[in-house]
Amino acid sequence: MKVLVPLFAARWRGLALALLLAATTLAAGVALLGVSGWFLTGAAITTAAASFNLFGPSSMVRGFSFLRIASRYGERITGHATTLAILSDLRVWLFGRLIPLVPFKGQDERTGDFVSRLTGDVETLDLVFLQVIAPLATALFAALGLGLFLWFVMPTAMPVALVGLGVSAIGAPLLLALSGRRSGAAVIRAMSDMRIAALDGVDGQADLVALGAVPLSRQAFGAAAADVRVARLKQARGVALGAGAAQFGAGLTVIGVLWTGLQAIETGDIGGPLMVGALLAVMAAFEVTGPILRGAGRIGQSMAAARRMQAISGAEPAIRDPARPIALPPGGVLELEGVRFGYSAARPVLAGINLRLGEGERIALVGGSGSGKSTLLGLLLRLSDVDAGSIRLAGLDIRDIRLVDLRSRIALLSQDAPVFIGTVRDNLLIGDPAADDATLHAALRRARLDDFVRGLPEGLDSWLGESGATLSAGQARRLCLARTLLAPAEILLLDEPTAGLDRDTEAAFLADLVTATAGRAVILATHAALPDGAVDRVYRFEAGRLAPG
Amino acid sequence: MSSVEHDPGRVTTRLSKADMAWLRARGRVGRRWLSVAIMAPLVSGCLTVAQAFLLATILQRAIVEHVPSREQVPAILGLVGFVLLRALLAWTGERAGSQAAETIKLAVRHDLFAALMARRPAWMREKTSGVLTNQIVDQVEALDAYFARFLPAMIAAAFLPIAFAVILMPVDLVVGALFLITAPLIPVFMALAGWGAESASRRHMTALSRLSGLFADRLRGLLVLKLFGRAEDEVARVREASDEVADRTLSVLKIAFLSSAVLEFFAALGVAGVALYVGLTYLGLIDLHPGTLTLQAGLFCLFMAPEIYLPLRTLAAHYHDRAAAKAAVADMSAVFEGLPDVVDGAQAASRPATVRRGAIAVDVSDLVVMAPGRGPVLEGAAIHAAAGEHVALLGPSGIGKSTLIDVLARFRDWSGRVELDGEDLAAIDETALRADIAVLNQRPRLFHGTIASNIRLGRLDASDEDVRRAAERACVTDFADALPDGLATTIGERGRGVSGGEAQRIALARIFLRDPGLILLDEPTAHLDSATETRIVDAILDFAVGRSLIIATHSVAVANRMDRIYRIAGGQILPVPHRPTSRLPNLPKLGAGDAP
Chain E
1 MKVLVPLFAA RWRGLALALL LAATTLAAGV ALLGVSGWFL TGAAITTAAA
51 SFNLFGPSSM VRGFSFLRIA SRYGERITGH ATTLAILSDL RVWLFGRLIP
101 LVPFKGQDER TGDFVSRLTG DVETLDLVFL QVIAPLATAL FAALGLGLFL
151 WFVMPTAMPV ALVGLGVSAI GAPLLLALSG RRSGAAVIRA MSDMRIAALD
201 GVDGQADLVA LGAVPLSRQA FGAAAADVRV ARLKQARGVA LGAGAAQFGA
251 GLTVIGVLWT GLQAIETGDI GGPLMVGALL AVMAAFEVTG PILRGAGRIG
301 QSMAAARRMQ AISGAEPAIR DPARPIALPP GGVLELEGVR FGYSAARPVL
351 AGINLRLGEG ERIALVGGSG SGKSTLLGLL LRLSDVDAGS IRLAGLDIRD
401 IRLVDLRSRI ALLSQDAPVF IGTVRDNLLI GDPAADDATL HAALRRARLD
451 DFVRGLPEGL DSWLGESGAT LSAGQARRLC LARTLLAPAE ILLLDEPTAG
501 LDRDTEAAFL ADLVTATAGR AVILATHAAL PDGAVDRVYR FEAGRLAPG
Chain B
1 MSSVEHDPGR VTTRLSKADM AWLRARGRVG RRWLSVAIMA PLVSGCLTVA
51 QAFLLATILQ RAIVEHVPSR EQVPAILGLV GFVLLRALLA WTGERAGSQA
101 AETIKLAVRH DLFAALMARR PAWMREKTSG VLTNQIVDQV EALDAYFARF
151 LPAMIAAAFL PIAFAVILMP VDLVVGALFL ITAPLIPVFM ALAGWGAESA
201 SRRHMTALSR LSGLFADRLR GLLVLKLFGR AEDEVARVRE ASDEVADRTL
251 SVLKIAFLSS AVLEFFAALG VAGVALYVGL TYLGLIDLHP GTLTLQAGLF
301 CLFMAPEIYL PLRTLAAHYH DRAAAKAAVA DMSAVFEGLP DVVDGAQAAS
351 RPATVRRGAI AVDVSDLVVM APGRGPVLEG AAIHAAAGEH VALLGPSGIG
401 KSTLIDVLAR FRDWSGRVEL DGEDLAAIDE TALRADIAVL NQRPRLFHGT
451 IASNIRLGRL DASDEDVRRA AERACVTDFA DALPDGLATT IGERGRGVSG
501 GEAQRIALAR IFLRDPGLIL LDEPTAHLDS ATETRIVDAI LDFAVGRSLI
551 IATHSVAVAN RMDRIYRIAG GQILPVPHRP TSRLPNLPKL GAGDAP
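From first to last, the protein sequence lines are chains E and B.
With UniProt numbering applied, the first sequence corresponds to residues 1 to 549, in that order.
With UniProt numbering applied, the second sequence corresponds to residues 1 to 596, in that order.
None of these hints come from the bench; they were simulated from the model.
Among the clues, some could well be false.
Said to hold, decoys possible - Take a look, some chain B residues computed to stay more than 12 Å from chain E by CB distance:
no., residue
1, Ala96
2, Ile181
3, Trp195
4, Leu288
5, Ser365
6, Ala426
Unchecked claim - No more than 25 Å apart at the CA atoms, straight line, and that leaves these computed lysine to any residue pairs for SDA-like:
no., chain 1, residue 1, chain 2, residue 2
7, B, Lys17, B, Pro290
8, B, Lys254, E, Phe66
9, E, Lys234, B, Leu84
10, B, Lys254, E, Tyr73
11, E, Lys234, B, Ala191
12, B, Lys254, E, Leu67
13, B, Lys254, E, Ile133
14, E, Lys234, B, Arg28
15, E, Lys234, B, Lys17
16, E, Lys234, B, Leu88
Said to hold, decoys possible - A few chain B residues that face chain E, going by a derived Cβ cut-off under 10 Å, partial list only:
no., residue
17, Ala62
18, Ala114
19, Leu192
20, Asp247
21, Leu269
22, Val271
23, Cys301
24, Asp563
Backbone N, C-alpha and C fix where the C-beta goes; we use that ideal spot for every residue, glycine too.
Model the full structure from these sequences, guided by the hints.
Right, here's the structure in full:
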């Protein structure tokens, strides 16, 4: 729950107001019923109707009614508004936390799991204030107020009422929460697995259909959904037990108070009206246990969610900014010296790379798929750090300059560059948020996509689905290329920029490369046939080293 | 909201009768548990009356008749019995409610997932996977409270207040009448508030659904955003989307809580009214009660006052559950473009019948395919491939090659004549069709698991040996053998850790495990260098002996090795003059033009 503390602290005003209103609501309800019982009984047994003080009780009854109505509505709105604001804060915090953590070290952290964390886990945390903290605080307040009141009017009933309230409002929920911890975590896990199973089916539907594997995926999803059912039922058992226990505890306490009250009447310690009033007040106070118990049954789920968030907040970024960054001087000579790198020690991908890229120079890296081209480009942007050797930009080791500076100087078109949900314009503005329409069209033209975009009914404002699936693969690729060309970087890294383009377009694009990238240095990783003059030099990857192509 | 938020929800309407009927029909799978959940509060309500009456009696005897407490013990034990019984009923009701809800949700999820998988893949591609997943996972969850709590609460609220009021009539006519009149009034006010909450809730669900899509999308592209230095700006967008969810939720709640305020008003008024009326009657200031009103009767009325409104209050607490469920159903209906039929989920996962038909002839004429927002992609196109023929489709990207492959794979809708071996493609049984044709997408999806398990999807009972051989043929072993775990290497969701070309080769290896009569390949060599390309095409041609093959490609070298070449232009499929060379021995020379 540690993640929630600063978030709650930031919104303490709203939370405090919600608590105050909740306490007022309860107090008004207790007072209303108590005064009613006292007044009614008093009136029934009075022998002097004329002298009975009618004004006090009747105005109190009306006053408490209206106070309760107003504070109830206020409490619900305030509590929910604050909770929703906190959840929003939490999402933003979580998203922000993830930024430094990409690229992830392993690939175990699966996308579906993250989506689950960001939406599902955040949602489950709404219980924490509304169903746990607020009712608990209110219950404490009720215990305090009721205890004080009974101390004065019926001291013998005080321990009974306090023990009863304590057991049903704090003890039973605590037990439930402890037993619910495991079931809550199980529910979250099962939901997350089901979400992944659903994503697998949805994203991979075409492949599954083609392979006739739809029954298989339905089976897998069905099993995941059945697991969710089992986990939720287990959790519901706790909640049901809570509901039963609350009823039982409240009922027994009222009976206990009644019993002590009957004896107090016999001994003459208390009058009938006051005893009935106290009894009704105790009944009314138990209103608070319902929400606590409901919350306690599910708190395990919230705690598991909070723990997972905590895990994210504690994760270490794989790549860090230098402690004492050196300002990056202008100029963009890129030098690699003895660069070695491997994902596992046994199998180095790069085994001593030496390379120099002068300003405005264009070079091509060729080599089979998986020969290390993409890995090398990633190293230039510090997606990983070299195992040995050094990479220098403008004479500085890239590990000594700020990542922001490095990445504003070098832009990458990666092989799996995504098209984002949004319009064509939204996608392009990622490359350069300040670009005007003319600039965007120019970039599209250079990527040979302008005619297509201009032909769309809504032009730059046309909507693109997830992964740009409404574009053909080649068009999506060209859109990503246009985005990269828009970036004001001096060095462009293009990883297979022409994959998915047909031969003619590819040849035309490569021929255009000189003008499209005029004034910028380019490293082109490709296996396309390069026209004369497209690049200054060609290197070929051979067993982790570069050879002149 | 920013321009990035697409809002289809703004044009959708309220929940239709058919959708509501669907919800009710779906509820039937849990009806046994549901009836227990509904009965429990009703029985408990009857016990409440008895309990209140007993309590009033005890107090009457103690305060008015001065009966010693010892003599009250049996009555008090009776109270304990009532308390125990009601607690048991509360427990039973809760359990039964969740049993019903979980059973129903499971059935709905089954239906939705099956319906999704039965869709044409082209339809799926237009949708956001996050939104679809959100429907199955989260929107269905919105049905939980509807069945588990709202329905039982609604029935209890419909019966108990009136029953209580009628029971109170003989005790005091005025109190009974007061309750009888106010109790039905409350649902009217609540319904008024509920209507508002429902339309507000509708907007909220759409926002939530979109938010989920946005998160998934931005997360997947987080690295790219970060490299462009735009990740921090996306935080603002996430904030914007999230705040919108908060706003929309609150606007639902503001209205939903109005109904609970109405209720609180009546409940407080009921208690205050009974107390004042009974008190004033005792004092003789009001004289509407015939004869004398005992303390027992007065207290019984007072005890019952909050109870009368309790079922309604419970209902109010769950009223927005109904709105949320209805909104969820409407959203599902909109996203899925119609809700799935309520069917038995018992369709057996039958293995495809291995009806081997040999090479399949393809005959297409008058083919028209429309792309949403782009008009016709193919218009009156025709193509013929004899059984066993190998055909290449050439043309610039976006011209319709993938569209044709999609049609032949029955991945999208078309009009015109498409026949496989003279049989209408639309009429062929799904299982048989999938056994007969093999398709390679441009963007194959790899599932979380090992490379071998991904390949084995091609044929589940394939031996390790078969998988290995298929991997070798598709040049998967080129990169897999260099990995420490070889084919047993785990690869991530969406094939993270595997390059585009590698993913395609894994997908190709799947096909090599199958035994299709028609092979449809969309750009099988797009990401490959020309040496690997040549080897892959060798393997494909080797595998395609005795089978029909249609291959969409950019590569003239690849096309040249087919029996026949077609070019797509202007919505037409045009034959390209071509002298088949694929079976000539001097293969390497053909790829030579591609060498850098």
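Going through the hints against the structure:
1. Ala96: 9 Å, violated
2. Ile181: Non-interface label on Ile181 of chain B holds, nearest chain E Cβ at 18 Å vs cutoff 12 Å.
3. Trp195: Trp195 of chain B is indeed farther than 12 Å from all Cβ atoms of chain E, at 19 Å.
4. Leu288: 15 Å, holds
5. Ser365: 24 Å, holds
6. Ala426: Ala426 of chain B is indeed farther than 12 Å from all Cβ atoms of chain E, at 15 Å.
7. B:Lys17 x B:Pro290: Not OK: Lys17 of chain B and Pro290 of chain B at ~51 Å, beyond 25 Å, violated.
8. B:Lys254 x E:Phe66: 19 Å, holds
9. E:Lys234 x B:Leu84: This hinted pair holds, its Cα atoms lying about 23 Å apart.
10. B:Lys254 x E:Tyr73: Distance of about 9 Å is within 25 Å: holds.
11. E:Lys234 x B:Ala191: Answer violated: Lys234 of chain E to Ala191 of chain B is near 34 Å, above 25 Å.
12. B:Lys254 x E:Leu67: Given pair Lys254 of chain B, Leu67 of chain E holds - Cα atoms ~19 Å apart, limit 25 Å.
13. B:Lys254 x E:Ile133: Cα-Cα ~22 Å, so holds.
14. E:Lys234 x B:Arg28: Between Lys234 of chain E and Arg28 of chain B the Cα gap is close to 22 Å, so the pair holds against 25 Å.
15. E:Lys234 x B:Lys17: 35 Å, violated
16. E:Lys234 x B:Leu88: 18 Å, holds
17. Ala62: 5 Å, holds
18. Ala114: With a closest approach of 6 Å, the Ala114 of chain B hint holds.
19. Leu192: 16 Å, violated
20. Asp247: 8 Å, holds
21. Leu269: With a minimum Cβ separation of about 6 Å from chain E (threshold 10 Å), the hint on Leu269 of chain B holds.
22. Val271: Result: holds, 6 Å to nearest chain E Cβ.
23. Cys301: 9 Å, holds
24. Asp563: This hint is violated: Asp563 of chain B lies away from chain E, its Cβ roughly 20 Å from the closest one there, beyond 10 Å.
The structure is inconsistent with the numbered hints 1, 7, 11, 15, 19 and 24, although it conforms to all the rest.
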